[in-house]
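Q: Okay, here's what each chain looks like letter by letter:
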Amino acid sequence: MPVVDRRRFLALSAAASFAPAALLADPKAREQYMLQMNGYAVNAETPLELLTDYITPVGLFFVRSHWNPRTPDPKQWRLTVDGDVEESLNLSLDDLRKMRVTEVTCVLQCAGNGRALYTPSVPGVQWSYGAVGNAQWKGVAVRDLLERAKVKSTAQHLHTFGSDDPPGNVPPFHRSIEMEKVMSDAILAYEMNGKPLAAMHGAPLRLVVPGWCGDHWMKWLVRLSAQPQPQKGFYMDTGYRYPLKPGEPGVTFKPEEMKPVTELAVKSNITTAPKHAKAGAASTISGFAFSGSPDIAKVEISDDDGATWRSADLDARHSPWAWRRWSHRWTPRSAGKARLFVRATDDRGQTQPRESVWNQSGYLYNGWHSVDVEVRA
Amino acid sequence: MKLAILLAAALPLIGTKFGTLPEGKGKSAVESRCYACHSADLLLQQRLTQKQWTATVEKMMRWGAGVTEDEKPVIIDYLAKHFGVDNRSFKPRHTLPIAPVRQRP
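Heads up: the sequence lines are chains A and B, in that order. Here numbering that gives the first Met the number 0 is used: the first residue of the first sequence is 0, the next is one more, and so on. Here numbering that gives the first Met the number 0 is used: the first residue of the second sequence is 0, the next is one more, and so on.
Some clues are possibly wrong.
Restricting the straight-line Cα-Cα distance to at most 20 angstroms, the calculated cross-link-like pairs of lysine to aspartate or glutamate (EDC-like) are [to be verified]:
| no. | chain 1 | residue 1 | chain 2 | residue 2 |
| --- | --- | --- | --- | --- |
| 1 | B | LYS71 | B | GLU57 |
| 2 | A | LYS180 | A | ASP294 |
| 3 | A | LYS253 | B | GLU57 |
| 4 | A | LYS231 | A | ASP164 |
| 5 | B | LYS90 | A | ASP294 |
| 6 | A | LYS274 | A | GLU48 |
| 7 | B | LYS50 | A | GLU247 |
| 8 | A | LYS149 | A | GLU190 |
| 9 | A | LYS258 | A | GLU179 |
| 10 | A | LYS297 | A | GLU354 |
| 11 | B | LYS58 | A | ASP164 |
| 12 | B | LYS50 | B | GLU70 |
| 13 | B | LYS71 | B | GLU30 |
| 14 | B | LYS58 | B | GLU68 |
| 15 | B | LYS58 | A | GLU247 |
The hints are simulated quantities; they were obtained by calculation from the structure and are not laboratory data. Since this is a predicted model, take the numbers as computed values, not measurements.
Bound-form chain A, shown alone (with noise of 0.2 angstroms):
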């Protein structure tokens, strides 16, 4: 596959960038751009023209609230570990701190990304792009925790609790997730991007299950609890779940049709194109591109509506399940309306499809995208 250095790939990402010049200039200003999708309860996803970076600063990484969180205050807090373990644990940060650190580099991505971009409509935040982001986590690995607790051979799931009760009677947002992808590479991260983490990102602890959508990511943790069958409630057996056998587009399933939304699916984006270019003279246009697989095998570019496709380069940074960065030196042929599009194949062999499989909660959005450019003679 092809693959640039990072010097040269910065170039090229440089020069095509159209977003504009003051918020690059300005890092401040830029952390500041971001789109509200709700003021309470916080939800905001970043611009795709910005999301650039092979590492997303946390000032633009999006932020998915389902209620407005009780966050923990971090001197009382204690992270308890239970239920079919030998040894149940009550640790407190420093105590996790003194542990041994393991650090990943991947994408978290929210499972409803995409929503607004599914035909017919369907209820829940609008995202359109931005509802993702490429962090470095670090913390400690899930399995070196259980494995401290003596974890028994019963324990099946793993239930995690956050301390974010809910208003009302809206249901608690509790979770699980099955031991064999926790005790493979799940981290406890109390760090993203060299930074403490931030209060809206989970502080002082949150889950990180590299290559699944966010609603895994368990934010503000206070408790794990090992246990032989999968979490109860409404978060588990109505929400976040996905079609068994999608149907067609409008098609609605019961709870026991479906099945929980776990991997993220193959897809890229286009963050950087000209809005002009001239029949003749290469102009670069930029994305990233990532899936439930641990890595990118190629990204491909169409202009003649998905006739043909030429492959982009692939930058050369990467961990599984990070995003990979791509660009690609594109040459309008004549003059006119070009759209342009992308699309994915991972390392599985799955390739993004022109059309996203549509879901009545609208998860998982991965249709190809596509950018306008307007080719002069």
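Position chain B against the provided structure of chain A, taking the given hints into account.
A: Chain B only, in chain A's frame:
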């Protein structure tokens, strides 16, 4: 009202402005029954049929929105009229989302 007061205490200090609802019959009922848990932005961006709005309002009633039986049809009609499937009026405002969240007392 107790619910609203409780929630106000847990509000993050976000310093953002919230969307406002268009004028019309039912506006004040929506304001008094729906603002306790989320700002109007969440309503302004929806594109739902009368049926989807009915299901959503009933879900919110189960979740604690104190909607009376008299208010229910007025609220549903208002939402379906202004935020139906053809609604394209929502433009998210630019904002600074990362700000301190008040700690649990």
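Q: Take the hints in turn and mark each one as holding or not.
A: Hint by hint, here is what the structure shows:
About 9 angstroms separates the Cα atoms of LYS71/B and GLU57/B, which keeps this hinted pair within 20 angstroms; it holds. Between LYS180/A and ASP294/A the alpha-carbon distance is near 17 angstroms, which keeps this suggested pair within the 20 angstroms criterion. Restraint check: the Cα-Cα separation between LYS253/A and GLU57/B comes to about 18 angstroms, which is no more than 20 angstroms; the hinted pair holds. As the CA atoms of LYS231/A and ASP164/A are separated by approximately 16 angstroms, the hinted pair is consistent with the 20 angstroms bound.
At most 20 angstroms may separate the alpha-carbon atoms for a hinted pair to count; LYS90/B and ASP294/A exceed this at roughly 34 angstroms. A C-alpha spacing of about 12 angstroms is found between LYS274/A and GLU48/A, which places the hinted pair at or below 20 angstroms, so the restraint holds. Distance restraint check for LYS50/B and GLU247/A: the Cα-Cα separation of roughly 19 angstroms lies within the 20 angstroms cut-off, and the hinted pair is therefore satisfied. Restraint check for LYS149/A and GLU190/A: the C-alpha separation of about 26 angstroms exceeds 20 angstroms, so the hint is violated.
A distance of roughly 17 angstroms separates the Cα atoms of LYS258/A and GLU179/A; the hinted pair therefore holds under the 20 angstroms criterion. Distance hint between LYS297/A and GLU354/A is fulfilled; the C-alpha atoms sit about 19 angstroms from each other, no more than 20 angstroms. The suggested pairing of LYS58/B with ASP164/A holds, with an alpha-carbon distance near 18 angstroms, which does not exceed 20 angstroms. The hinted pair formed by LYS50/B and GLU70/B meets the criterion: a straight-line CA distance of about 17 angstroms does not exceed 20 angstroms.
A hinted pair counts as satisfied when its Cα atoms are at most 20 angstroms apart, and LYS71/B with GLU30/B qualifies at roughly 13 angstroms. Taken as a hint, the LYS58/B and GLU68/B pair is honoured in the structure, with Cα atoms around 14 angstroms apart against an allowance of 20 angstroms. For the suggested pair LYS58/B and GLU247/A, the alpha carbons sit about 25 angstroms apart, so the restraint of at most 20 angstroms is broken.
Comparing the model with each numbered hint stated earlier shows that hints 5, 8 and 15 do not hold.
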